[in-house]
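On the provided structure of chain A, position chain B as indicated by the hints.
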Amino acid sequence: MDFSAFFMQFLSGLSQGMLMVIIASGLSLVFGTMNILNFAHGSFYMLGAYFCFAVVTLLPQISGNFWIGLLLGPLVVAGIGGLIERNVLRRIYSRHLLDQLLLTYAFILIFDDVVKMIWGIDFQSIRMPSVLSGKLDILNRSLPHYDLFLILMGPLILVGLYLLLQKTRIGRMMRATASDAEMMLALGGNVRVLFNRVFILGVWLGGMGGALISPQAAISPGMAVSIIVESFIVVVIGGLGSFWGTLLGAFIFGQFNAFGILFLPRMAIIFPFVLMALVLIIRPWGLLGRPEN
Amino acid sequence: MLKRRLFGVIGMILVILFFPSFSQAAEPIKIGYIHSLSGAGSVYGKPCLDGAEIAAAEINAKGGVLGRKIEIIARDDKTKPDDGLREAKDLVLSKKVDYLMGTVSSAVALAISGFAKEQKKIFCVATAQSTAITSEKGHRYVFRISTNNSAYCRSAARRAAELPYTKYYLIGPDYEYGHSSIKEFWTELKRLKPNIELVKEAYSPLGTPDFKPYLSAILASGAEICYSSHWGGDWIAFAKQGKAMGYFDKIKDIGQDHGNIEAALALGKDMPEGILGGSHYPFWALKTPKSNDFVKKFNQKTGMYPGVGAAGGYAIVYSLAEAVAKAKSTDTEKVVDALETIKVDTPVGNLTIRKIDHQAMWPFWYGFTKFIPEYPFAILQDVKAYDPALVYQTEEEIKELRAKK
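So the protein lines, in turn, are chains A and B.
Going by the working numbering, the first sequence wraps up at 293, each residue one higher than the last.
Going by the working numbering, the second sequence wraps up at 405, each residue one higher than the last.
Pulled out of the complex, with its shape left as it was, chain A reads as follows:
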């Protein structure tokens, strides 16, 4: 096997990892700040894809319709997320983790049915935006421009998120809430509003992941479930609530998956799970996470 094959496999894994980091960082952010394990995160990913699809089909004549969908789709999903936090999730913060899981799981079922009612059960698909439909020839292989775009989008969004959390007032307040919500409350911070903003941001990231994959995958009601499992693996490997841990987790997940498929395709499915199990045994708080006291 030559170098170009390795390199292509690396790039395939990288593009998958960089998409995963966008989705998983939303899950991790919400857990890190709010202590909510949002099972419905996969549904927001699915809705992101569907809303992007809806915009594209509503504006068939406009050449940049995918970009409008990519912008609007995740925003609409974030709005829905904000409403859910405000009216439903807020009521169960003090409850047991199991109640939260059940409630967010219920949203998966609800959104699946809503999507079926609006768009039906057929597989939907949108075309690749024309500016990115070409491919780049490197080392006798071709890398689609869209994959290159995905590889760049992951770090770009992550850097944006990092700047938001480090350099802005709301970001600092979010971090303060993450480290000690009660102290934040005692100091007069509006934790309620902050939680709402964090959830909206987390949901936006999930929706963005869905919108980004929509030109490459089949959009269907079942897509929520497969992604949530992978997102959990990424977050567990990297460390729940750890910002850079999610990036590392997604990168490792993508590479393990890609090279597992290259060398042992019959057993490739188990690699990410084995990795997660190893991390849980050796460092239960994840590679870059902090152990709980």
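Since the hints were made in silico from the structure, they are not lab data.
Just so you know, not all the hints are guaranteed correct.
Here's a subset of chain A near chain B, in silico, CB distances under 10 Å, partners left out [stated by the list, open to error]: (1) MET8; (2) GLN16; (3) LYS116; (4) GLY120; (5) LYS135; (6) PRO144; (7) HIS145; (8) GLN216; (9) VAL225; (10) GLU230; (11) PHE263; (12) ALA268; (13) PRO284.
Here a beta-carbon is modelled for each residue, glycine too, at the ideal position from N, C-alpha and C.
Leaving out everything else, chain B in the frame of chain A:
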């Protein structure tokens, strides 16, 4: 006024009393239809019902069978064996249907088949493809008027054997169907063409969104051709990502569902050309008067193109009607005997039903994907089907499977 109405009522009572045969003749032949009418399976369940209703309307317009009209009573099995069985019981015991038909899920089909055997009621499987329904678990009252898994894997193997490629990569979804299809394909291909090489074999989780690592691994493997049992969303994602990567220019692709009309419509212009896909009903190539007429009627009724579900629903109603006409009775035993001997004119051609396993000898076509101006999806070109006797399990195989049970 009242008197006149009373007169009418008395007149009707007299008619009914004195012409008992008249009222009996008006009693329709009832077919209980159980299929997935909600959920993901309804992609097949709804068109199948439309196909059955078109057939019933045609037969009824010509006066029905033995002077009786055909009536279809439809129920949703929700793709669950429990629900399917409950609906079957209700249809037979309280609605008193004469025959049962339907299902896309093989698990539902097996549940209903067991009940049909116990009740001695004919059950015609419409879309479910597991070979076990008619082979190991087959019995006198179960029929399948559609293709089955062995037919399309073995047809694929025959077509692949004619191609010059020898280095194979095999890939499929990681569950029973994905694995068994690959096994069936490979066993048959190895038998037909022993000098082939299996480079590697991979299984992806059902619903994988990202196939790029698989695609680049296949490209790196040195394989010339890849057989895949992916279908639905998995195939759509595989096709889109592969096309963007130029994968299909380097690796010959073959798969039973890769010419499937539902996926072809979803993919639209993103469908790669030149891949070897399968079809249960390539109406664009058959162009028989029967098929053209059916496509037109189906399109008028639904606005869509007919696929395996639609053609199956239509063929089942016609088969039952023809068998009843031949038996000159709706009696189950006589109709079973008749079904084993009739030849039915259907959109996919003349169908006969084999006595040993009650499997219709429905051909399965393979051809290369190609866009032509007449259709909004990629059709299959140079379609070819093999003699059904070559691609369905042989009598010996079925006897052996049943003996093992």
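Structure-based check of each hint:
1. MET8: 4 Å, holds
2. GLN16: 5 Å, holds
3. LYS116: 8 Å, holds
4. GLY120: Status holds, d = 9 Å.
5. LYS135: Constraint on LYS135(A) satisfied, holds at 6 Å.
6. PRO144: Because about 4 Å separates PRO144(A) from the closest Cβ in chain B, which is inside the 10 Å limit, the hint holds.
7. HIS145: 8 Å, holds
8. GLN216: With a closest approach of 5 Å, the GLN216(A) hint holds.
9. VAL225: Nearest chain B Cβ about 7 Å off; hint holds.
10. GLU230: 9 Å, holds
11. PHE263: With a closest approach of 9 Å, the PHE263(A) hint holds.
12. ALA268: OK, holds: ALA268(A) within 10 Å of chain B, min 6 Å.
13. PRO284: 25 Å, violated
Hint 13 from the list above is the single one not met by this structure.
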